[in-house]
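Chains as they are written, first to last, in the numbering used here: chain A, 670 to 839; chain B, 670 to 839.
In short, the hints are calculated from the structure, not lab data. This one's a predicted model, so the numbers in the text were calculated from it and none came from an experiment. Just so it is clear, CB atoms sit at the ideal spot from N, CA and C, and this is done for glycine as well. Any given hint could be a false lead.
[Claimed, not checked] To give an idea of the chain A side of the interface with chain B (calculated C-beta under 8 Å), a few residues:
1) VAL736
2) ILE765
3) SER768
4) PRO802
5) ALA809
6) LEU814
7) ALA820
8) HIS822
9) ALA831
Number of protein chains: 2
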Amino acid sequence: MRAQGHATLSLREVARMAGVSHNAPYHHFGDRTALLKRLSERSMEELFVAMRDARAATAQPETPRAVAVRVGVAYVGYAAHHPERFRVIYDPEVCIPGSPTPTMAPLLAAVEGILAQTTASLLPPDRPDLLGPSTIAIWAAVHGLAELVVAGHIGEADVEPALLALLPPG
Amino acid sequence: MRAQGHATLSLREVARMAGVSHNAPYHHFGDRTALLKRLSERSMEELFVAMRDARAATAQPETPRAVAVRVGVAYVGYAAHHPERFRVIYDPEVCIPGSPTPTMAPLLAAVEGILAQTTASLLPPDRPDLLGPSTIAIWAAVHGLAELVVAGHIGEADVEPALLALLPPG
DNA sequence: CCAAAATCTGGACAGTGCCCACATTGGGTC
DNA sequence: GACCCAATGTGGGCACTGTCCAGATTTTGG
Numbered sequence: 670m671r672a673q674g675h676a677t678l679s680l681r682e683v684a685r686m687a688g689v690s691h692n693a694p695y696h697h698f699g700d701r702t703a704l705l706k707r708l709s710e711r712s713m714e715e716l717f718v719a720m721r722d723a724r725a726a727t728a729q730p731e732t733p734r735a736v737a738v739r740v741g742v743a744y745v746g747y748a749a750h751h752p753e754r755f756r757v758i759y760d761p762e763v764c765i766p767g768s769p770t771p772t773m774a775p776l777l778a779a780v781e782g783i784l785a786q787t788t789a790s791l792l793p794p795d796r797p798d799l800l801g802p803s804t805i806a807i808w809a810a811v812h813g814l815a816e817l818v819v820a821g822h823i824g825e826a827d828v829e830p831a832l833l834a835l836l837p838p839g
Numbered sequence: 670m671r672a673q674g675h676a677t678l679s680l681r682e683v684a685r686m687a688g689v690s691h692n693a694p695y696h697h698f699g700d701r702t703a704l705l706k707r708l709s710e711r712s713m714e715e716l717f718v719a720m721r722d723a724r725a726a727t728a729q730p731e732t733p734r735a736v737a738v739r740v741g742v743a744y745v746g747y748a749a750h751h752p753e754r755f756r757v758i759y760d761p762e763v764c765i766p767g768s769p770t771p772t773m774a775p776l777l778a779a780v781e782g783i784l785a786q787t788t789a790s791l792l793p794p795d796r797p798d799l800l801g802p803s804t805i806a807i808w809a810a811v812h813g814l815a816e817l818v819v820a821g822h823i824g825e826a827d828v829e830p831a832l833l834a835l836l837p838p839g
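Please work from the sequences and hints to get the whole structure.
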């Protein structure tokens, strides 16, 4: 009941690639959605690693803004260079945030943790009430930039200027 | 070579709904992608109207920030209440921004125009260099909020606080 | 009125997810 | 070693899809 045009994988195609019968994969992953779930977990981990590495890229003292920009650029860069893997992370029929996979839940929490810490480093320390909404705003901005780049509406070169315009200087 | 699970329409299904043979639609829209293109144009117009109405909702004097928040909430609201129609707008195999449909191009320009005007009203008038990156940033933030709401990662109630946290007061 | 264009129809083909019954294999346990 | 069972594989089949085709039907314009 489901297939794809070109950019998406089919169970039968992975079977062909693996040189096995058309439903050997069907015994490993009970479902096509289950396969995509696994793929989405792998991809989410890759995205997390990219963000973590970006945050820890430099030991020299630098402004929180510079770190935040680097994390955002890393997020968008992963999406731009692995669009299929990025897309499967947020695929609505794979990633139901209400009931995440046991593997996905901690990864999602880790990504949100990086975003929250990065956001917190940008906020005045006496306004903890802003952390929640600001984290969501930063997440949305970075995610929106990624989506717009993947969709081709903006170029990857537009990302850093946009982030700099968004983040308050200092 | 293409089908969908549940939320998506098939040519044969619309034929059944219309009570005609399985490829009468195929003679009207030469392609399934062409059908989706048309749908995406309609949806883009609906989105544009929602944003335009939101901007013009009040005649009383109010801050540019309040207007911007209302426009953003309208964008996200359209996405939240018509997720399929919103999704088709940015579907990568439908909306290739490099070569937009003759109907889509002005709609896209109009939406970007509203975003640019709204952004300009928030910027100091002596910094026209910020308009481009800031417009992209606002677009990305609003679009990202919409995607996160549609995907279920945040609730619609989180949108307005996030926008308020993002937009500089004043 | 009649030809041409638009529109509709059923049939076919390749591809897909999924389910089924059945073979093969590999490890544990008596 | 013999035996059983679970994992893993195989082919066949079903319903569904997009797409192409040849031909029928309807509408329209000169």
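Practice item. Could you tell me which of the hints above the structure violates, numbers in ascending order? Key: 1 and 3
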